[in-house]
Every structure is written in C-alpha cells, then in structure tokens.
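Asks: Spelled out from the first residue to the last, the chains are:
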Amino acid sequence: MKIRITAFLVVLLLAAFFPAGAHAIPAFSRMYQTSCTTCHLDFPKLNDFGKAFKDAGFKFPSDDETFIKVPPVMLGAAAQKEQFPRTVWPGVIPGMPPIGFRMNTFFQTTSRNRGNFDTLTPPGTVNPFIPRTDFSTGLFSIFTAGNFGSDIAFWVDDDISVAGENAAGGLGDGYLKFVNVGRLMKMPKDSLSLRVGRFELDLPFTQARTHNLSSYDIYDQANIGATNPAFAAQHNVNNVFTMADAANGIEFSGGHQYGGYHYSIAVVNQNTSGVSQADNESPFVPSSAGFAADSNFKDLYARLSYRFNLESDATSRNSVQAAGSTGPRDHTYLNLGSYYFYGRSVQRFSGQNLLGDPVVLTAREPFYRVGGDFSFNYRTFNLYGLFMFGHDNNLLPVDSAGFPVPLPISGVPSPTVGFIHSGPATFTGGFMQADYLVYPWMMAIMRWDAVNSGPDRLNGLAANLDTPFVLPFHQTRNRFTPGVQFLIHANIKAAFEYQIRPQQYVTIINNPITGLPAATQPFRTNTAVVSLDFVY
Amino acid sequence: MKLRYLLSLSIVTLMATQLCLAGSIKGKVTPGKSVVWVEAAPGAKPVAVDKHVIMDQKGLLFQPHVLVVQTGTTVDFLNSDKVAHNVFWPSISGDKKKSHNLGTWPTGQKKGFKFEEPGVVSLLCNVHPEMSGYIVVVPTPMFAETAADGEYTIANVPDGQYTVTAWHEGKKLQSQKVTVSGTATANFTLQ
Numbered sequence: 001m002k003i004r005i006t007a008f009l010v011v012l013l014l015a016a017f018f019p020a021g022a023h024a025i026p027a028f029s030r031m032y033q034t035s036c037t038t039c040h041l042d043f044p045k046l047n048d049f050g051k052a053f054k055d056a057g058f059k060f061p062s063d064d065e066t067f068i069k070v071p072p073v074m075l076g077a078a079a080q081k082e083q084f085p086r087t088v089w090p091g092v093i094p095g096m097p098p099i100g101f102r103m104n105t106f107f108q109t110t111s112r113n114r115g116n117f118d119t120l121t122p123p124g125t126v127n128p129f130i131p132r133t134d135f136s137t138g139l140f141s142i143f144t145a146g147n148f149g150s151d152i153a154f155w156v157d158d159d160i161s162v163a164g165e166n167a168a169g170g171l172g173d174g175y176l177k178f179v180n181v182g183r184l185m186k187m188p189k190d191s192l193s194l195r196v197g198r199f200e201l202d203l204p205f206t207q208a209r210t211h212n213l214s215s216y217d218i219y220d221q222a223n224i225g226a227t228n229p230a231f232a233a234q235h236n237v238n239n240v241f242t243m244a245d246a247a248n249g250i251e252f253s254g255g256h257q258y259g260g261y262h263y264s265i266a267v268v269n270q271n272t273s274g275v276s277q278a279d280n281e282s283p284f285v286p287s288s289a290g291f292a293a294d295s296n297f298k299d300l301y302a303r304l305s306y307r308f309n310l311e312s313d314a315t316s317r318n319s320v321q322a323a324g325s326t327g328p329r330d331h332t333y334l335n336l337g338s339y340y341f342y343g344r345s346v347q348r349f350s351g352q353n354l355l356g357d358p359v360v361l362t363a364r365e366p367f368y369r370v371g372g373d374f375s376f377n378y379r380t381f382n383l384y385g386l387f388m389f390g391h392d393n394n395l396l397p398v399d400s401a402g403f404p405v406p407l408p409i410s411g412v413p414s415p416t417v418g419f420i421h422s423g424p425a426t427f428t429g430g431f432m433q434a435d436y437l438v439y440p441w442m443m444a445i446m447r448w449d450a451v452n453s454g455p456d457r458l459n460g461l462a463a464n465l466d467t468p469f470v471l472p473f474h475q476t477r478n479r480f481t482p483g484v485q486f487l488i489h490a491n492i493k494a495a496f497e498y499q500i501r502p503q504q505y506v507t508i509i510n511n512p513i514t515g516l517p518a519a520t521q522p523f524r525t526n527t528a529v530v531s532l533d534f535v536y
Numbered sequence: 001m002k003l004r005y006l007l008s009l010s011i012v013t014l015m016a017t018q019l020c021l022a023g024s025i026k027g028k029v030t031p032g033k034s035v036v037w038v039e040a041a042p043g044a045k046p047v048a049v050d051k052h053v054i055m056d057q058k059g060l061l062f063q064p065h066v067l068v069v070q071t072g073t074t075v076d077f078l079n080s081d082k083v084a085h086n087v088f089w090p091s092i093s094g095d096k097k098k099s100h101n102l103g104t105w106p107t108g109q110k111k112g113f114k115f116e117e118p119g120v121v122s123l124l125c126n127v128h129p130e131m132s133g134y135i136v137v138v139p140t141p142m143f144a145e146t147a148a149d150g151e152y153t154i155a156n157v158p159d160g161q162y163t164v165t166a167w168h169e170g171k172k173l174q175s176q177k178v179t180v181s182g183t184a185t186a187n188f189t190l191q
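The listed protein sequences derive, respectively, from chains H and L.
So for the first sequence, this note's numbering puts the first residue at 1; every next one is plus one.
So for the second sequence, this note's numbering puts the first residue at 1; every next one is plus one.
Relax, there's no trap hidden among the hints.
Reference listing, derived: stretches of chain L covered by chain H, where coverage requires no fewer than 3 residues with Cβ under 8 Å from a Cβ of chain H:
(1) 70-84
(2) 125-133
Within a straight-line C-alpha distance of at most 25 Å, the following computed BS3-like cross-link-like pairs (lysine-lysine) qualify:
(3) K69(H) <-> K33(L)
(4) K171(L) <-> K96(L)
(5) K177(L) <-> K26(L)
(6) K110(L) <-> K58(L)
(7) K45(L) <-> K114(L)
(8) K110(L) <-> K51(L)
(9) K110(L) <-> K82(L)
(10) K82(L) <-> K189(H)
(11) K69(H) <-> K58(L)
(12) K58(L) <-> K51(H)
(13) K96(L) <-> K45(L)
(14) K69(H) <-> K82(L)
(15) K51(H) <-> K82(L)
(16) K171(L) <-> K33(L)
(17) K172(L) <-> K45(L)
(18) K96(L) <-> K172(L)
(19) K98(L) <-> K111(L)
(20) K51(L) <-> K98(L)
Some chain H residues flagged as far from chain L (calculated, every beta-carbon gap over 12 Å):
(21) D159
(22) L192
(23) V370
(24) L383
(25) N464
To be clear, the hints were calculated from the coordinates, so they are not data collected in a lab.
Keep in mind it's a predicted model, so treat the numbers as computed, not measured.
Using N, Cα and C, we set each Cβ at its ideal position, and we do this for glycine too.
Given the sequences, and given the hints that come with them, work out the whole structure.
Replies: Written as structure tokens, this is what we have:
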C-alpha cells in the first residue's frame, strides 16, 4: 500500500507537470525553404494551409515540385513506369534527410498544499519531496516526415528522452499513408486515403501534437469501475484504454480538414489491459517484438465532420486559405463533427467450472466512446470544444451458487464460475477552449476541462489509487487552464500555463445521516508552468 | 546633292559633339551586387516614366529579388504560385507612413501599384515571412545594377556635378558627390 501511495504521488505530480508531446516539422522548412508559420499558427497548431499540406500527404496541395528547393533523389527514372512489371516502380526520396528535433525545458511552481497527500501514508513514511519551485527537463524527440512520391507519405516520431535524465522514451507515431488511393478506382479526388502503422486516432483535436502544455483530461480518461464495497454500485470494469493512446492498425479516410467533409474509419488493435508490447510475450510462442494486442478483437473508430467555410465570395470560400483584405488568412468557419469508438474490453480470470476444476474465465465487455465536437473560427479567434460519453458493459463475477463474488476478484483459483450483466460503468466529459492570436507571435488561451465519473468518485472514497484521477472531491472534476504563448522565433516558443486543478481531499468522515463515507476539506493543488520549447 | 551632303555632315558633327558631352560614371561597390543611381538635381522633380514592369511571386520567392524602376513606373505584382500570397511593404526608405498592403489576389492574376516617389521598397508577404524582395525606385534614368563583383557603369551622363547613391540589401545607403567630365569614378564601401 505504501509503495502504491508513493507511486501515486509521483505519478500525480508528473502528470500535472509534464506536458504532452507536440511537433512542428523543421524538415519541411528546410526542404521548401519556408518558415514554420507557413503551416503553423503557434506551432504545432496548424493553420488552414498546414491542414491542406497534411491532407495532401505532406506536400503542397498543387504543383508541389515547383516549391521544393532541395530536389528529391530519383529511385528510378519516371520512364521506368513503362517497363512495369519488368522493373521496380520508380519512386523518390527526399533530397536531404527530413529530420527534425525538439527539446523543451520547464520551470514550475506548485501550491503550498502539495504536501497534503503525505497524510495518506503511515506516520514516519518518507514521501517524495515535491519542491515549491523547480527547473526540470522535458523531452528530446526526433521526428521525420515527408513523401516518397506516388502520393506515399510517411511519418515517424520518437521521444528519445521523456521527463529528462536519460529516461527511456518511446515510439510516438510511425506510419505510411497512401494518399488518394481512390484514384485507382476512379473515385473522386481525395475521397479515399489509406494509413497503415501506428498513429494517433483521427481525434477532433489532436493531443499528440497539441500546442497546450497539459493534455486534455477527457482524452486521458480510462474507465475503471467502482469497487468500493461501501456502496451498492459495483463494476467489474478495468478498461485502461484512453482516446489519447496511439493505435496500431489501418485507417481509411477522405475529404479535407480545411473545408467540406472529412471522414475516417480505423480498425485497430485492442489493448484494454494496458500491457506493453515489450511485456506481452510468451516463452512458448517466440516473438522478438512482443505482441501489441491483448485480444483477437479489433476495435473500430469512426469519425465524420463537415466544415462550413463562411466567406461570402465563392472563390475565397473554396480556396485553401481565405482571401483577406490584407492577405490570405484562415477561413471564418464552423466545423461540426462526431466520433465513435467501439471495442470489447477483455479480462481473464483464474476461476472454476461448475465441477470445481480450475479454468480461465474470460469477460468480454463491449464498450464505446461517443461524442461530438465543434470548432468556430473568426479571423484570429478560435473557439472549440468536445463532448464525450464513455460506456462500458459490466459483467459481474458470480460463484457456483449464483452469488456475486466480492470485488476485486482475488484468490487463485477464485470461486468465480461465470458472469452476469449489471449496470454499466459510464462517464461523461469534455473540454472547451478559446485561442486568440493577439499578435502573430502571441496566443492567449483559456480552457475548461470537465470529467464526470461516478466510479472515480466512489473509488476515490476508498482511496483506490488505480483510478484515472484519485481522490476527486466531486463527481465532476473541473479544471481551468489559462495560458499564454509567445513565439520568440518561428521555431522557439515560451509558454505559460496556470493549471487550476480539480478539487481533491485527504480527509474522509462517515456521513452521520447515510452512514456512508464522505470527503471533507477540499483543496486544489495548482501548478504554474513555464516552458521553453524549440525545434530545429 | 551638295546641300544634302552638308546636311549629313552637320548631323554627324552634332552627334559626335553630343557623345563627347555624355560621359559615364564607373566604379565598384563593396560588397558586390548593388544598385547605383544618380540623384535628381536639388529642387528638381524626379524624372517620371509611364511604363509597366512585372514583379513575380513564384516558388515562394519574389522574382526578381531586386527590381530597379524609375519614378512613375507601375509595378504589376503577379502571383504565379498555386498558393495564396500577399504583398506589403512596412515602409519606403524607412518612412513608415508610406507603408502599404496590397491584399490578396488569385493565382495567375496581378495587381499594379504606381511608384511616384523614389525610395527603397522592402517587399514582404504576410503568409510566407521568409519571402523578401526589393523595389528600388530611382529618380533619374541614370542608374545601374552592378555585376556580382560590384563593378558598374552608368552611361550617358552629361558632364556636370551629381550626387550618386549606392544601395545594397541590408546595408545603409551611401551617397557621394561626383563631377563628370567625360568619365568619373565613384567607389563605395557600404556598411
């Protein structure tokens, strides 16, 4: 218990302090000899041209070859196509290695009440010391992206160091995208592309490449069912999947992000237990890489959105960028979208059959995440938000007499012989954010995150540290995050964020009326973070 | 026949005299590739012309990078790229009151602007901040763009006293007095 609490304290602070990864692509700056601001508003947030560049497979949407200042290397003359199939289909590689790097560093200040959690550990325990102020290192990541010709785009990013001091990083995204493959079937232009590999789901608003210092709470929300025996609600749900997780699989997509429709449908590995690829291996079925999935089932993700560009002039409205009176700019637009993720959370238990023989019992609990999103942009003001509803079916374990087995299931073998359906574990939440580009080099940000999870609240009252957010004072966790970001140069950014975090508690009393546990004396452990971030 | 012969002789003599009076200014500008021009006489109006020249935006570049025009010239800004561009200048020879933004126009179309006053116009595009170009508006027809090594010759300069000015990207303008009597030399080292 002591170790878990200590680990919890460390994780809590790390989660609060260290922001999500994000990338701008200096490799493209070199190749096209153009500024980061050609594609980014406040890197890595994309402007309309950047969205079109990404949609096109990391190319200029038209006449790409006329913009490339470093000619690509031909892997076979174009005329070799006439020799196919008696030759390898010719392609190209970028004329210089399209590699970029990113590094960031932080200064942070934490509330005085940061030591309140120490009271959770037994007297005499030496807890990690959380300094009031701290200089800390962030990540050092390498990334590469480009196009191999024939509309085959690639992307790989890897955090070489995460959270400093030679910490082991990991692969972010790594994929090939076959752009506009629909042309082979005479489909309308850009109506079908194919992406294969490891990628962030086509989320309404990216988290892997967000310009925020801290991640969106709802994207990090796993669904761990309530197991507090003091309350009637009991869930045998242990689904650690979050929407922020990178997915391994295949994705079909079409349309454009800068106007009109856009859709994507992805079939990806399921991994709801959180086992890592490196650890998911068998001594009997060798695999040098391990296995990324923890079940045979493949999850499904779908997204559909439509963006209404609101310029009155048709030519401007249908262009990649709007024609402003003083120069091209992002469109005034309203983007509406929805998304749906479906999977089957799998839990395997050591149990018994009706004869009392030990068997492995498998609970396959369908779950889904569904929601909608909007984004409204007027000149340099962007207001956007997202709502999500999470739902996990709940299969409670029962013994041979048909009585519920107390949770969490323990004992090997446990008395479990089967499962019965019970009330689902659900959560709702989302965020709303406003970005205002005061100057081309200065962005003011205001954000509100909210996650409403009954199971988290009940588990918190039992000090269950396995839940996504421990010790929440309310069932709804609100976080307010004002911030401001400055581009010192197009590739160097100073950012500030003040995280007014959800209320928590460490003191529990028994409600004299209900007799149930109740939290008292709430507090917020707020954090101010300043970061310096550069890419090159 | 005799009259026609005498007339021809007179014309040839006049032309020869004129050629003798029209000298030149030569010299070298360090560092290389610059623009040199003869200023208008004090109090005199710039010599205006009525012509159109093109400044292109192609491949995320202003082409040519430096365009020298005489006062009165209309520069037609052409967008030859398949991306949206903009043209603006924050000042003319440092005078911010002369800043101007031409706006946006589609691929293949152009927008003209007549430069009535001499000065150095620093062209920018507000969506591609790396794009840079210059229009040097000169007040007389006596100007030259130097070779890469900075050598230049301004021909057809009548004898007399002049102020000659040199400009190079990123350097301060520099002027000097020159007396032309046949030929004259004016070397510049711009800082």
